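Q: One letter stands for each residue in the lines below.
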Amino acid sequence: MRYVGVAAVWAYRFTLAPFLGVGQCKYHPSCSQYAIDAFKEFGLFKGAVLAAWRLLRCNPWSRGGVDYAHDQKVFR
Amino acid sequence: MIVASILTPLEHLLRHILNGLHSVGLPWAWSIVGLTIIVRMLLVPLTVKQIHSMQNMQAHAPQMKEIQRKYKGDRQKLNEELMKFYKENNINPAASCLPLLAQLPIFIGLFYTLRHFAKHPPPGNLSWLHFVPNIAQHANAHWSGWILISIYVLSQFASTYFMSGTMQQSQRVLMMVLPFAFIPFILRFPTGLVLYWMTTNLWTVGQGLITRRLIPKIAAPVPQKRTSRTPPKEAQPAGAQAAAPAETPKPGPPRRVKRKKKARR
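First to last, the protein sequences are chains A and B. The letter at position 20 of the first sequence is residue 20 when you use this note's numbering, and the numbering goes up by one with no holes. The letter at position 209 of the second sequence is residue 209 when you use this note's numbering, and the numbering goes up by one with no holes.
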């Protein structure tokens, strides 16, 4: 099931990302890589929540930085 | 489709805005251009924030290049060191995913809206500038679509050029090549969607041009001030050391005042 999420991210990378012009993320593993890691480690549902939370944090008012999916603080 | 049902309210909203612009007297094609401009104007506050952080990046560019030279071989380490540097210097990197993704629902919503247009053509003029016969048709239905697509590819090039300030060379090349790879897909898009994407890219280019003008204007006075201050210090080497620490606390008080203002808000 979790590979559905991974596949969705790859589909996004090859189809929509070029249109949007997403170049470089301000976080270290980029948002899409973070999503792939999160799906692989936490499954489809938790991974989706983590990816969504990461995307919300990746806004112009945040600082960015090194942030691995493995070190998440949402699910404990 | 699940995506379609989620986006239905947005699709209705977009159609309402389009209808509104059309009822004011704009032809459908110009209504799409107008809708694009409205969307981009709503994104301006985000963009201004990005321009500020770009200026900050520009100021710290030499140090960042030094880090990039240091960890040239190890990309993982390089990224981590860069991020550490951002944090130490309070830099907010210009690139962030959310403002870009904010365009995604609008893009998909507009796709469905224009597909609906193609199935049930609305009354009124669907041509644009006398050379696009029907904006609801697929882009490859008429030679004018090819012109729009070539403008789209060129504008994509130009906007990539402006947006890819800190991007790596290989990534930049990929971003430049991909618009060509997507031409076969774009051909099946309604022409109106190509029109939307062309307009939004041209807006990005315009913004890039304005930003480029703004950055040197703000960045230039800073080194000038420093050079005007340094000569007298160098003339009196003993006094320079005493003057330098004395000057540093001076910027302190106004900063505190700013913080207090923020706290009151």
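Worth flagging that the hints you see were computed from the coordinates, not collected in a lab. This structure is a prediction, so every number in the text was calculated from the model and none was measured. Any given hint could be a false lead.
[To be verified] Derived pair list, reagent style DSBU-like, types lysine-lysine, alpha-carbon separation capped at 30 Å:
#, chain 1, residue 1, chain 2, residue 2
1, B, Lys70, A, Lys46
2, A, Lys46, B, Lys72
3, A, Lys73, A, Lys46
4, A, Lys46, B, Lys87
5, B, Lys72, B, Lys87
6, A, Lys73, B, Lys49
7, B, Lys70, B, Lys87
8, B, Lys77, B, Lys49
9, A, Lys40, B, Lys87
10, A, Lys40, B, Lys49
11, A, Lys40, A, Lys73
12, B, Lys65, B, Lys49
13, B, Lys87, B, Lys49
14, B, Lys65, A, Lys40
15, A, Lys73, B, Lys87
16, A, Lys46, B, Lys65
17, B, Lys49, B, Lys84
18, B, Lys84, B, Lys70
19, B, Lys87, B, Lys65
20, B, Lys77, B, Lys87
21, B, Lys65, B, Lys77
22, A, Lys40, B, Lys77
23, B, Lys65, B, Lys84
24, B, Lys72, B, Lys84
Q: Evaluate each hint against the coordinates.
A: Hint-by-hint comparison with the structure:
no.	hint	result
1	B/Lys70 <-> A/Lys46	violated, 37 Å
2	A/Lys46 <-> B/Lys72	violated, 35 Å
3	A/Lys73 <-> A/Lys46	holds, 12 Å
4	A/Lys46 <-> B/Lys87	holds, 28 Å
5	B/Lys72 <-> B/Lys87	holds, 20 Å
6	A/Lys73 <-> B/Lys49	holds, 27 Å
7	B/Lys70 <-> B/Lys87	holds, 18 Å
8	B/Lys77 <-> B/Lys49	holds, 28 Å
9	A/Lys40 <-> B/Lys87	holds, 28 Å
10	A/Lys40 <-> B/Lys49	violated, 34 Å
11	A/Lys40 <-> A/Lys73	holds, 17 Å
12	B/Lys65 <-> B/Lys49	holds, 23 Å
13	B/Lys87 <-> B/Lys49	holds, 17 Å
14	B/Lys65 <-> A/Lys40	violated, 34 Å
15	A/Lys73 <-> B/Lys87	holds, 20 Å
16	A/Lys46 <-> B/Lys65	violated, 38 Å
17	B/Lys49 <-> B/Lys84	holds, 21 Å
18	B/Lys84 <-> B/Lys70	holds, 14 Å
19	B/Lys87 <-> B/Lys65	holds, 16 Å
20	B/Lys77 <-> B/Lys87	holds, 15 Å
21	B/Lys65 <-> B/Lys77	holds, 14 Å
22	A/Lys40 <-> B/Lys77	holds, 23 Å
23	B/Lys65 <-> B/Lys84	holds, 14 Å
24	B/Lys72 <-> B/Lys84	holds, 16 Å
Checked against the numbered hints above, the structure violates hints 1, 2, 10, 14 and 16; every other hint is satisfied.
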